[in-house]
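Sequences listed follow chains C, P, D, A, Y and E, in order. Residue numbers are given in the numbering used here: position 235 of the first sequence equals residue 235, and the series is strictly consecutive. Here the numbering used here runs 470 ahead of the position in the second sequence, where the first position is 1. Here the numbering used here runs 940 ahead of the position in the third sequence, where the first position is 1. Here the numbering used here runs 1410 ahead of the position in the fourth sequence, where the first position is 1. Here the numbering used here runs 1522 ahead of the position in the fifth sequence, where the first position is 1. Here the numbering used here runs 1634 ahead of the position in the sixth sequence, where the first position is 1.
Misleading hints may appear alongside valid ones.
[Said to hold, decoys possible] If you anchor each label on the Cβ, the simulated ranges turn out as follows:
(1) E:Thr1660 with D:Gln1222: 24 to 32 Å
(2) E:Gly1675 with A:Pro1519: 37 to 45 Å
(3) C:Lys281 with D:Gly1150: 26 to 34 Å
(4) P:Arg687 with C:Thr436: 28 to 36 Å
The hints are simulated quantities; they were obtained by calculation from the structure and are not laboratory data. Where is the CB? At the ideal position from N, CA and C, for every residue including glycine.
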Amino acid sequence: MLDAATNIPYPSWLNPGDNTWQLVAATLVGLMSLPGLAVLYGGLVRKKWIVNTMLMTFSAFSLTLIVWMLWGYNMAFGPLSHFGSTGSFWSGFIGHFEPLATASSEQGQAVSGANTLIPFHFPTATLAYFQFVFAAITPILFLGALVGRLKFKAWLLIVPLWISMVYCVNAALLWGGGFFAQKGAVDYSGGYVIHLSAGVAAFVGAWMVGPRRWQDRENAFPSNLMMVAVGAGILWLGWNGFNGGDPFYAGADAAAAVLNTNVATAAGLLTWLFWDMFVSKQKKPTFLGAINGMICGLVAITPSAGWVNGVGAIVVGVVASSIVWIAWNYVSKLRPFSKIDDALGVVYTHGFAGLTGGLLVGILADPSMVEYGVKGPYKGAGNFHVAGWFYGHSFHQLWEQFLAAVWIICWTAFGTFVVFTVVKFLVGGLREDEETLREGDIAIHEEEAFPEPTFGEPVLTPSHTHTDNV
Amino acid sequence: MLDAATNIPYPSWLNPGDNTWQLVAATLVGLMSLPGLAVLYGGLVRKKWIVNTMLMTFSAFSLTLIVWMLWGYNMAFGPLSHFGSTGSFWSGFIGHFEPLATASSEQGQAVSGANTLIPFHFPTATLAYFQFVFAAITPILFLGALVGRLKFKAWLLIVPLWISMVYCVNAALLWGGGFFAQKGAVDYSGGYVIHLSAGVAAFVGAWMVGPRRWQDRENAFPSNLMMVAVGAGILWLGWNGFNGGDPFYAGADAAAAVLNTNVATAAGLLTWLFWDMFVSKQKKPTFLGAINGMICGLVAITPSAGWVNGVGAIVVGVVASSIVWIAWNYVSKLRPFSKIDDALGVVYTHGFAGLTGGLLVGILADPSMVEYGVKGPYKGAGNFHVAGWFYGHSFHQLWEQFLAAVWIICWTAFGTFVVFTVVKFLVGGLREDEETLREGDIAIHEEEAFPEPTFGEPVLTPSHTHTDNV
Amino acid sequence: MLDAATNIPYPSWLNPGDNTWQLVAATLVGLMSLPGLAVLYGGLVRKKWIVNTMLMTFSAFSLTLIVWMLWGYNMAFGPLSHFGSTGSFWSGFIGHFEPLATASSEQGQAVSGANTLIPFHFPTATLAYFQFVFAAITPILFLGALVGRLKFKAWLLIVPLWISMVYCVNAALLWGGGFFAQKGAVDYSGGYVIHLSAGVAAFVGAWMVGPRRWQDRENAFPSNLMMVAVGAGILWLGWNGFNGGDPFYAGADAAAAVLNTNVATAAGLLTWLFWDMFVSKQKKPTFLGAINGMICGLVAITPSAGWVNGVGAIVVGVVASSIVWIAWNYVSKLRPFSKIDDALGVVYTHGFAGLTGGLLVGILADPSMVEYGVKGPYKGAGNFHVAGWFYGHSFHQLWEQFLAAVWIICWTAFGTFVVFTVVKFLVGGLREDEETLREGDIAIHEEEAFPEPTFGEPVLTPSHTHTDNV
Amino acid sequence: MKLVTAVVKPFKLDEVKEAVKVVGITGLTVSQVRGFGRTGGHIEVFRGKEYTFDFVDKLQIEIICTDEIVEDLLEAIVAAARTDTVGDGMAWVTDIEHVVRIRTNERGPQAL
Amino acid sequence: MKLVTAVVKPFKLDEVKEAVKVVGITGLTVSQVRGFGRTGGHIEVFRGKEYTFDFVDKLQIEIICTDEIVEDLLEAIVAAARTDTVGDGMAWVTDIEHVVRIRTNERGPQAL
Amino acid sequence: MKLVTAVVKPFKLDEVKEAVKVVGITGLTVSQVRGFGRTGGHIEVFRGKEYTFDFVDKLQIEIICTDEIVEDLLEAIVAAARTDTVGDGMAWVTDIEHVVRIRTNERGPQAL
Ligand SMILES: Nc1ncnc2c1ncn2[C@@H]1O[C@H](COP(=O)(O)OP(=O)(O)O)[C@@H](O)[C@H]1O
Ligand SMILES: Nc1ncnc2c1ncn2[C@@H]1O[C@H](COP(=O)(O)OP(=O)(O)O)[C@@H](O)[C@H]1O
Ligand SMILES: Nc1ncnc2c1ncn2[C@@H]1O[C@H](COP(=O)(O)OP(=O)(O)O)[C@@H](O)[C@H]1O
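With the rest of the complex left out, here is chain C (with noise of 0.2 Å):
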């Protein structure tokens, strides 16, 4: 009678562990916007910054939320619009426009061409709002180029349009069910719909809005290597359910994608560690280039996280650090990247991270590695896995990952030169105007990160003209 096998309160289709395991991910990977990148980027600014910067992402993750809701989640996630014929690009390129109004659209067994082998075990709102954290973490991430000088009620506009426009559309190629994932092209968990495509867009929207001011990028100190800590720690931890979660079910492979992404980062954080000791001009260890190392792990291994072994996680690891680690020390001073102001480096960390790591699945996958599985105790239909050169000695993944990257980043550059273009025209220009910009914080928001009083304690009236001063 009290059994829980049969006093279920949830309907069959239904897995508590699976759904459990899907809301903690999604609530992993939500504190990697709030507080994670916050504080890690507000620590990265110059003082002057740090309100307009964690004001600029809190609301780019509540605008996210809001369009997810109204239409985003069902253009990415929802069944695919068929502009064209079957097969064709035009058939497979867009969900449809749809809010998520009702109270079956939340409760609902979820249907998507995210994951087609085997029934979600959660309903739709689980599946939405699992990927509204992975949405609204894209636009918070390219705003680390475009922090110090972009306007704030440029950016209320940029986040909806930008996640319309070139989130929904590159998700749902690849993820949706659309035209590269139909074609093989895989991304596990977002190294191209998500990093590649803050890089591109990192890139292009730091040309739009141009530099920052010259006395901004002279003196541009981090404020805070605490907050960053703060930040970067709940970023690493955070992955597990960035990467743990894509499976979508709480089995091997999710345990599988976890331990390899902690073991890439550790790779990617030891690599810049040893580059800046003994490659750098200073032969220091430092502790911004450690947390650059581990975030070109956490990236690099996003797109392969449940499809390499725990030798190609260590790989993967060492290679996209080693060349982010050159990017960012050598290519920075080549045109175009020395002449456009990429304030925290999204191009490098991102961008480049993510396109290495989308390759080297078509490198080190490894087959043995199920995804989903019939063979041996496997109920459910169908089997997944990825090979990559390495173990199928075929260049088919790679070009199929080549071909997926090249459109991401082409479409995302596209789509970002005309949603700031738009934007530009709708606010009358993308910057703060210069004497706003000498002051930062406090001309735009009349706030600061640490206010303090004058001196002491300055008081209105004198204080024998208070009644009540005793």
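Dock chains P, D, A, Y and E with the ligands against chain C, hints included.
For chains P, D, A, Y and E with the ligands alone, kept in the frame of chain C given last:
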């Protein structure tokens, strides 16, 4: 043989997915207090009160748990005491006075008036811990009204007394299967029992403790907006456990509650932002305003999270944030609000928002949102949902919500008054003396939040007298 | 067809609820290190050592994981190496030297001496990751004793060597089914393997590295109490995973362990607070004292979390916090403690508290607390519980606990001595030179925690020579 | 021209500012200093260890004025900054040879 | 020997430093101060409440120099620190009776 | 009355304080300053970019004393603050026309 279905290390009434969800939800709610509210409040008070505020937060959390183990849990959620005839108020206003001391009181299956439809899938330890974190956050919330003058020792007594006299009664009545629960009033996760009650206690408490020094009120600069961001981010995402945990199963309604919570919060944040940008005197977006709006959304959706649909959630966020914005900026100038020094404005963001949210249940609850169900594929007994006026075309629910609100307001006000009066008598006054108030942390704790040597490196003795001084 | 029970994407030995719990618990423990201890320790050291302390924390976490993948996991938790006859010490002190490199070594069912009663419900990747976060936190804990003078390069060698030589052996002996486990010594989640060992390593390490500069000791101001609060809050709630994860199933004992952990912690915090308020010289409640008490509670309940009942948990917290309070304030003035500069007092809050907790298992463990069971509704084989003197009226368990403690102390002291000696030889001394120690972070990393331009906005060249200077 | 320097308790700043305005002062410069004197310091305790803080926070106010109003100014400052408790601070006057207002390059009394 | 003190806008520090080097100055001492003058302050708003900040951040630069170069030095400072907008600050000169370089115990002009 | 101002290395504060007590000083005022001189600055690197910090932290100590003990005071300061390494700082003396102790309104030498 190795099969998970036949090798089960837990009783048959236990479902590991549901147990996991409940424990994780509880952990998220715990994080909202520590470090969430500790640093959110620490960042909102003046620099000289940071240590005091944080230590009161940590102490309140600890004190509540000891009370909870010794008698609190069973008074609020144990079997009702039936002091009167069945169905009467006196038969359903409080549980039993009994500790959680034995092995079976932790490891046995949870049984509580909090849910009588379907047997719990987890042990009493899980339910007790989950309900503890809710109890603990309530005094911590109203602490926000009292910071900056409350005697530390008084706080150490207020917490256990208030939990026993006010919280346990309100919880038993609305959640423990008590009188108001029987009448049909509902409170999904504590809009009344926690937030409205905290708001009322804040108001009454602030009145009884008296205002801060006028210099501290005139110069009430928040000390640290980055810490506010850390706390606020943890609050937002932690609320996934706050509301998501309240169906007690990791089912479809938990997911819907999580999604709706975020939607209302996003709407609340943006609503306050827009009021600030377009209606306030300064016409500037502010970070602390956005955080206020965020909290309004979180609080207001709390009583209805799993009973409204997506549209309802947006409405809740917009309405509550607007009402509180107006209260904050205008009502606060009217008596009695203008006369009472609620330091961090708890009566607005928790009291007004909780009340608004609690009443909106009676208007917006969508009966298609099933918390537990027998329809379709559900196998459990019972079916639970709530119908507001908009869907049910009846004011019945609204009336029940109204009655419960009246009770919460009156009983909390009365109980708080009694508790503070007793404590004032016991410790000889509720306020630190004026000299102490001028100095703050250093006088009370001989600590300060950011200690610094006078300058450079002072030494206790001239350095040349030190033997190991090279 | 859409049924969750028939569409299963994971092997039959896997339970998604248990797997989720284990992964979430591991993530919580990971958060205790990053950002938890990174900022807790960063906030406790002087301002000039913040960057160094945080980078050492991040590096230790990374290094441990690489070691863990390459050989550590299998040395500690893999099949034992049987260097001697069965049952002898030599047959049960260490596992195999083997990496986790292949797909099946991640995705196959976990098998380990850590639990032989009931087959694991999750893959090796889960167990390996869970055990990794415990391994990683151990050197990070004893880092607290060494901050403020340890050479950065030395640390990069100490971590992998210490994990291999000390941690893996202790873990295999007590947790991996090794000699002491066979004899009956128990350690629920690491009071010995982690905390006692960290305390001993702290003491020996501090002795070998030598004291900090005397100026730094005399002026050992903690830099940031808000960061201490952030770290402490994450520690407390993260410990739900630390102790809750150790039954390896999301069953009733996991819940009891979580509740007991919090109860002991609350008791520990309040106990220290009261000692400070009523017995200390200053008679003032202090925040850092309360945090010490909190840590004592957390550490002391670790070896017994799921084996004591609620009363036991309170006793553990009160006793451990009192013993450590006395040790901290009095024993620290006696030799050898007074002669050794354990910077953050790790030997007290981890060593003494871990030892106290480990011995209390032998006194307070309640045999009615069932970790796994066959009684009643349980279907698994085996039944596990522990009986202390108070319930079993036998000193047997206490004696086993005592023997294990002696081993941990001796082996850790010896191993730490060997590791530090080797590293001293390899990198030429364990200390930074005196000039570097005076400057701290800037000298070692060319970074500081809160960088600031000299004043205002210095420019590399006079502003009028800048072309874009309007 | 004279330079009047006053070391006062921090919370007295606004009162001093208002008081000196009355005697015709239109500008002043303030810096955060710490003083050592009869007051004695205070103790803080971190993790069981006592630290003595010998120095007390003060503000130093510097005002340039014409020779005529020095006396009035001093009196105004003393009246405003005085609390009659230990630690009220000092004020002193030094002679100034030139003053320049940077914006205008005006010298001497016009510079004020 | 003279002591030249200048209160300038913070972002002008580097320009002033370069300018005074040209007239032969090899050392200077800077402190962070806040000024009150014609500039007026600014407003900040926290949680709906307005706070007025009357004081403006400035830097105070102190330079010891020989009597001969005082005039050149003043001119160099004014030229470098001037923005022609309100709040540019003041510079003033006081006489110094002794100077000692602590490292060498040299006195007078050699101390510089 | 004289005002003795010394710019010293921060970690020398306590030694200077003890030394001047010996010559009869009962009060002093300290402020945090940054100096530029022969010392040169240091470099910091954030995210791969080098930043030069030209200024070095110093403390400025101001002491008012009677004319007679100026010379002793200077010597005491130099002796205590000296490390014989570059950057030891400067001390200088200016004349003071009036001193007032705010608490008592005492003037001149009694004010000390
Ligand atoms: N001889 C001095 N030289 C410089 N500053 C002094 C001197 N004596 C006192 N002060 C300053 O005046 C402040 C107040 O002095 P103190 O002796 O504490 O109180 P009071 O002046 O009321 O007796 C000190 O903190 C210090 O800043
Ligand atoms: N009488 C004065 N005594 C001391 N400092 C002054 C005086 N007048 C102005 N100052 C300093 O000069 C700064 C600039 O003065 P202000 O009146 O704002 O601009 P401006 O000098 O361009 O008219 C002030 O912030 C203050 O620091
Ligand atoms: N001409 C000067 N005017 C004002 N301060 C000076 C002057 N020269 C040096 N100083 C101060 O003295 C400090 C030490 O001077 P520096 O040249 O570095 O070393 P040293 O005096 O030992 O040669 C400087 O940092 C600065 O604060």
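**Study point:** Violated constraints from the hint list, given by number and in increasing order
**Key:** Every hint satisfied by this model.
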